[in-house]
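**Student:** Below, each chain spelled out in residue letters.
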Amino acid sequence: MKKNWLVGAWLGCALVMGFIGTAQAQSASDPTDAGKAVFKRGNCVGCHKWHGNGGGGYGGDALSLRKTELTREQIIETVTCGRPGTGMPFFVRGSYDTTKCYEMTRQDVADRMPPEANVFLRPNEIEAVADYVLARVKGKGEPTYDECIAFFGDGSRVCNIYKEAGHAAAPSDQSEKAKP
Amino acid sequence: MTRLNWVKSHMLAAAVASAATFAGSFALADDVGQDRLLNADKEAGNWLHHHKNYAATRFSSLADINKDNVKNLKVAWTMHLGGVEGGGIWSHGGLEGTPIVENGFMYVTDGWGSVYKIDAHGGKGVLLWKMDPKTDHDWAGAVACCGVDNRGVALWGNLVVSHTLDGRLIATNKETGQVAWQRQVADPDKGEVITGAPLIVKDMAITGVAGAEYGIRGWIAATDLKSQKEVWRTHTIPGKDEAGHETWKDDKDAKASGGGSTWVTGSFDPSTNTIVWGVGNPGPDWDNEYRPGDNLYTDSSLGLDADTGKIKWHYQHTPNDPYDYDSVAENVLVDVPGPNNTTQKLALEADRNGFAYAIDRNSGKFIWGLPFVKKVTWTKGLDPESGKPVEYDPKQGVQRYNAAVTPSRTNKVTDICPGNMGGKNWPPTAYNPNLKLWYIPVIESCNRITVEETTPDKLKKREFFTGGGPSQPVKITGSVTAIDVTTGKVAGKAETEFPNLGGILATPDLVFSGQPSGEVIAYDAKSLQQLWQFNTGGGVNAPPMTFSVDGKQYVAILVGLGGAWDKWFIDATPELKRMQPGSMLYVFAL
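Chains B and E, in that order, are what the protein sequence lines are. Letter 7 of the first sequence, counting from 1, is numbered 7 in my numbering, and no numbers are missing. Letter 302 of the second sequence, counting from 1, is numbered 302 in my numbering, and no numbers are missing.
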């Protein structure tokens, strides 16, 4: 009996160790995961979309991060300060107040003051999101299925349209019937 | 009182009581069938249809709460709901639904389409069950142009019938809250989502679709609730051999992605077996040179044969629309005395283009129209015979209307009034049949349009296809505007600081509405004088309704600002940036 208990404890311990090991391996394999998390938390998706292409529509025209020519420093500055006269918000507490942005204070920028983001980011978070954009978004062509799955995981049908063929379109009545 | 009179009066009271009991138990035992839906207004304490009745009047005869005592209206109970979470391009959901009430039980939805059944007996609300359809947030939320919204349920048999943003029609057992069956009606892979409540007509659920900003080809679909099969699906943009296809004169097959969505629940005239349903804007929204021609049946009201979905008549308000002026609004079906002892059978529609229209709902012919907003700049007015904008020239493929302000490839940045949210958006009107007054929830607005020339390569699945976009340099306000339907004239206007994003309830001598800054307001039905208000602390983005249970009248409203406004239009109402997302049901009583 005691032996069984020991075996069980050892197995449980191994499972926990294994889980930690996998998590570490994943984060080690993709150093941009932290930046992707900031991309989601900052609601960059709300205008630039998951793929970063942005585009026009009801909310004006968010620029394409895939076609951007901004450098790492410029991306960091844009996230920190927003873009005056546009809907791109500033993400750092004190921008234009305690810290000048583009050499301007709040008084200088006046009615071109960009909106304040819904979340403020720390400098290391802004660096992370800039690194994510550089590694996974800037310079990429049309969005792909693999990129989409890497962003969303496979729990949603949001990536359906990027599959080359055979994704589920309008399903038949029978297959959609749920069990009561 | 003599002994005889005493006996008489008590016998009468007993008889009335027993009749009431009989009626009550009959209703309780009965499932919701076509007879009850046809006679929904005879069940005075219930609210069985999305728009209260097939005519879509949103008028309740309940009058225990009236202009003399409404000042004493207080919160009876509240309930927190869910569905605030974001998904896709949306940071949070909101509430736009109308509660349905049957025999003291209320059915409401949150923005992601969860259905809640609430027992409203005994002066309190008790949640009996919640059906969470597990809507695919990212799949649907990425292509919902205008918010994480769901406008409510319908009742049929022993089922609660609802939609989800990700395109499903779901039937839920009324007693258990278990899903009985579901069917995929719209396809988010094509940019289609569903926000409206179903309309139940003759054992069919009628579904409308959203997605004109994503290059869909719109439709209205009927599902047989018994077999769960599709009975008909009528596209709002004609196929290549159908009447109306000639109104798309381009060589790019623009009609295949021409918009024409149908996301507001319509109405039904049983005397002619006609479903009346509004159709939204053409796409791309602001580049009408991409799609020369009148672009039928966009921006139109349609009369459809209920059994076949065949289009019997149409009336188009803004041909070759360059403004995003949907005609998706509900048509209110009313009868008013006409000349020479005739009866005018009208369909009333308050259009995004700022004009209110009355058309003959048997023929689709224009009767009258007038501006219901304070400022219209895109046209000088309507032709009194045809109702078309006076500048409309059927010989031209591309309409310019008042060219000085109309967005076009040569007038790329321009201000229009009303703005593209329209003089009135989806929030429903209400009609008082006693006073013959029709109340419109108004957005008094202008906004700025920037045109982007569209080419066919810009059409991509699940991406915006709008030919430009709006911005909001001008403050936007609102009003409740009353129109006398016998004269076709404005009878009154109660101005509000903010646009009306919720819609209207009418009772015999009151009008209820709300503000996105939090207030629920009661007005005198004749004078539109404000008689009562209560600040809910959350943005009102849904219509009020009223019901009675245990012999007591209540007014209910969902509160939680979501929708298009707080993402796309908030700059026009900067004070509303302070409003927090929320999801709450308020119920008021004396």
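I should point out that these hints are in silico values taken from the structure, not numbers from a laboratory. Being a predicted model, the structure only gives us computed values, none of them experimental. Glycine included, C-beta positions come from ideal geometry on N, C-alpha and C. Wrong hints could be hidden among the right ones.
[Claimed, not checked] Cross-link-like lysine-lysine pairs, in silico, DSS-like; alpha carbons within 30 Å at most:
1. B:K163 - E:K130
2. E:K130 - B:K140
3. E:K229 - B:K67
4. E:K412 - B:K163
5. E:K134 - B:K67
6. E:K577 - B:K163
7. B:K163 - E:K460
8. E:K252 - B:K40
9. B:K100 - E:K395
10. B:K40 - E:K436
11. E:K458 - B:K140
12. B:K40 - E:K42
13. E:K412 - B:K67
14. B:K138 - E:K130
15. E:K412 - B:K40
16. E:K460 - B:K140
17. B:K138 - E:K458
18. E:K130 - B:K67
19. B:K140 - E:K577
20. E:K460 - B:K138
21. B:K138 - E:K567
22. B:K163 - E:K134
23. B:K140 - E:K461
24. B:K140 - E:K252
25. B:K67 - E:K567
26. E:K229 - B:K40
27. B:K100 - E:K577
28. B:K40 - E:K567
[Said to hold, decoys possible] Rough simulated footprint, nothing fancy, chain B against chain E, three-plus residues with beta-carbon under 8 Å:
29. 150-163
30. 301-310
31. 334-346
32. 468-481
33. 561-570
**Student:** Which of the numbered hints are not met once you compare them with the structure shown?
**Tutor:** Of the numbered hints given earlier, those the structure breaks are 1, 2, 3, 4, 5, 6, 8, 9, 10, 12, 14, 15, 18, 19, 26, 29, 30 and 31, listed in rising order.
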